[in-house]
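2 protein chains.
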Amino acid sequence: MNLGIVGATGAVGVEIIKLIQKRNIKYDSLSLFASKRSVGKKFIINSIEYVVHELKEDVFNSLDYAIFSIGSSLSKKYIEIANLYGCVVIDNSSAFRMDPDVPLIIPEINANIIKKCDKIIANPNCSTIILNIVIAPIHKINPIKKIVVSTYQAASGAGLRAMEELKSQAESYCNNEEYDTRIFGRQYIWNAFSHNSSITENWYNEEEMKMVNETKKIMKDDNLKISATCVRIPVLRAHCESVSLTLENNIDIEKIYEVLKEAVGVKILDDRKNNIFPEPLIVSGKNDVYVGRIRKSLINKRTLELFISGDQLLKGAALNAIQIYEYLTYL
Amino acid sequence: MNLGIVGATGAVGVEIIKLIQKRNIKYDSLSLFASKRSVGKKFIINSIEYVVHELKEDVFNSLDYAIFSIGSSLSKKYIEIANLYGCVVIDNSSAFRMDPDVPLIIPEINANIIKKCDKIIANPNCSTIILNIVIAPIHKINPIKKIVVSTYQAASGAGLRAMEELKSQAESYCNNEEYDTRIFGRQYIWNAFSHNSSITENWYNEEEMKMVNETKKIMKDDNLKISATCVRIPVLRAHCESVSLTLENNIDIEKIYEVLKEAVGVKILDDRKNNIFPEPLIVSGKNDVYVGRIRKSLINKRTLELFISGDQLLKGAALNAIQIYEYLTYL
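Line by line, the protein sequences give chains A and B.
Going by the working numbering, the residue at position 19 of the first sequence is 19; the numbering climbs one at a time, nothing skipped.
Going by the working numbering, the residue at position 195 of the second sequence is 195; the numbering climbs one at a time, nothing skipped.
Derived from the structure by calculation, the hints contain no laboratory data.
Given the structure is predicted, the values throughout are model-derived calculations rather than measurements.
Misleading hints may appear alongside valid ones.
Pairs count within a copy or across copies, as identical chains cannot be separated in the list.
[Claimed, not checked] Pairs of lysine to any residue, SDA-like flavour, derived with a Cα cap of 20 Å:
no., residue 1, residue 2
1, K261, W203
2, K273, R23
3, K286, R186
4, K22, L236
5, K140, I25
6, K216, S297
7, K18, E49
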């Protein structure tokens with residue numbers, strides 16, 4: 001169990017390193033990799049100093065497992081090499097998610113489909129994970145037929161530099177200075193904008209299509225009707241989602257509460273009296289995905305509405321990947 | 001045409017005063033009113049100085065028209081008095097919106113239902129206006145059967161002090177000081193939260209029910225299926241809405257574009273190549289409500305998705321009220 005963290009200095013990589021310590025993750029050796037500009041950075045993990053090395057092809061020779069949190073084109077290149085060396089990869093990028101031979105895993109939902117021979121395990125998109133972990137238990141008691149989701153996404157999904165850009169804009173606002181807009185090309189503080197991924201042929205953006213296609217794959221239902229609108233809001237590290245779910249049968253709201261209360265990785269926060277529901281600052285740093293505003297839709301008896309918030313860097317990325325590693329090494 | 005502005009020093013009142021000058025609004029006399037603590041404040045309008053007076057019962061004796069932008073309980077009290085004095089009121093509050101005898105007006109849509117004998121004209125909720133001005137022209141060519149909307153609402157809807165609180169939190173963030181949370185009871189910067197209005201019996205909040213009920217009234221369709229989720233995001237003065245509309249017939253996307261292009265008060269911003277769509281900072285200060293991300297839903301052929309943004313203080317409140325005044329005085 002020689003473990004490598006690829007992209008160790010990125011927003012997700014740093015969270016993975018924290019989780020390795022926090023969850024007392026088992027390994028025989030641990031190695032950290034990143035691109036050239038981060039080589040030499042140091043991390044103290046369980047009182048041992050680890051130096052970040054450059055990601056090169058031959059590093060996989062000595063690794064059994066690697067968790068990748070780098071861009072999808074680099075992932076594609078290096079995962080093939082890692083696999084050739086016999087290294088099993090958990091990949092946070094979108095590179096292999098829709099590959100029919102690659103399992104797309106949220107451990108609470110479908111870890112059971114991982115096979116011992118799998119060499120790549122894909123971590124779903126962050127918004128997809130946050131949605132699916134809440135709706136999967138509902139689907140079991142009353143099959144989901146239709147999903148309409150609108151997201152409220154944080155800067156963290158675009159990486160550390162995006163978070164820094166947003167923070168820097170608070171400083172610029174206070175000092176009446178020009179905004180640094182290198183990442184998003186616009187003022188982000190006091191603003192909201194359609195997700196910065198490219199618009200695809202069907203006029204949905206790539207982020208929306210990830211949510212759509214990955215949810216269908218995770219739910220094993222190509223005929224699922226799902227549509228998404230992905231929007232960035234000036235929040236640092238947790239996403240929210242407003243979800244309208246149409247189910248096969250009439251909603252039994254008591255049963256919905258019951259099943260969500262029992263769901264692993266999900267926490268209900270639905271304090272209607274005090275108006276306290278899931279919000280980014282409540283869920284930041286939390287492992288669970290929070291759900292509230294649980295209510296029967298005004299539209300029809302089979303529709304349920306929810307408001308969800310989850311830490312994009314934790315369950316949306318690093319935590320889910322670490323849970324997959326835990327599952328693999330317990331197999 | 002003796003005109004009074006009631007609530008002249010509030011977020012909406014100040015915008016009404018700006019519009020009076022900008023649009024060269026006609027009146028014989030203009031008087032400004034507010035609560036005790038704002039008495040004595042001065043405004044220069046068309047080079048003439050106006051002093052803010054205290055709102056008292058007898059002020060309506062000398063007024064023909066008044067535009068109210070104060071809380072709904074005060075509105076209820078003073079509008080009755082104003083009407084007794086023969087003063088016609090345009091009311092920004094929710095006090096009379098659902099009164100079957102009071103027209104609920106977005107001039108571009110239904111100014112024609114105003115009767116000469118009407119003594120109260122209600123201005124719809126800001127989120128309702130921003131939604132309806134975009135969907136009304138679509139409804140004309142392909143009747144709307146179902147609306148699912150999620151909002152991204154600015155601080156401005158809660159007034160000037162809410163906007164100040166949000167701005168002050170940027171300062172506090174930069175200086176690492178404690179946040180002033182008097183208005184919303186929570187950190188607002190870098191956060192998002194379910195709209196701060198009370199949760200009603202059906203578990204929707206009051207803001208959501210305003211959107212639902214007022215839209216039905218404006219569209220004259222009690223059977224319209226509509227559901228809303230209202231959320232505040234850290235933006236200063238423009239709201240956004242993610243809208244899924246199910247129509248009676250299959251979507252002809254060209255026709256939708258055509259009708260939105262011709263719609264008064266609506267502007268299409270749908271630059272898929274450069275990823276530029278409606279966003280709060282683009283629409284702040286603009287009269288038009290912007291619409292983009294216009295696309296056929298992935299769910300079915302009769303569903304259309306849109307992303308809308310409009311200045312909450314302008315078309316969402318002050319501008320709509322001023323347009324009603326213009327209409328009334330041209331009658």
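Hints violated by the structure (listed by number, smallest first)
Going through the list in order, the structure violates hints 2, 4 and 5 and respects the others.
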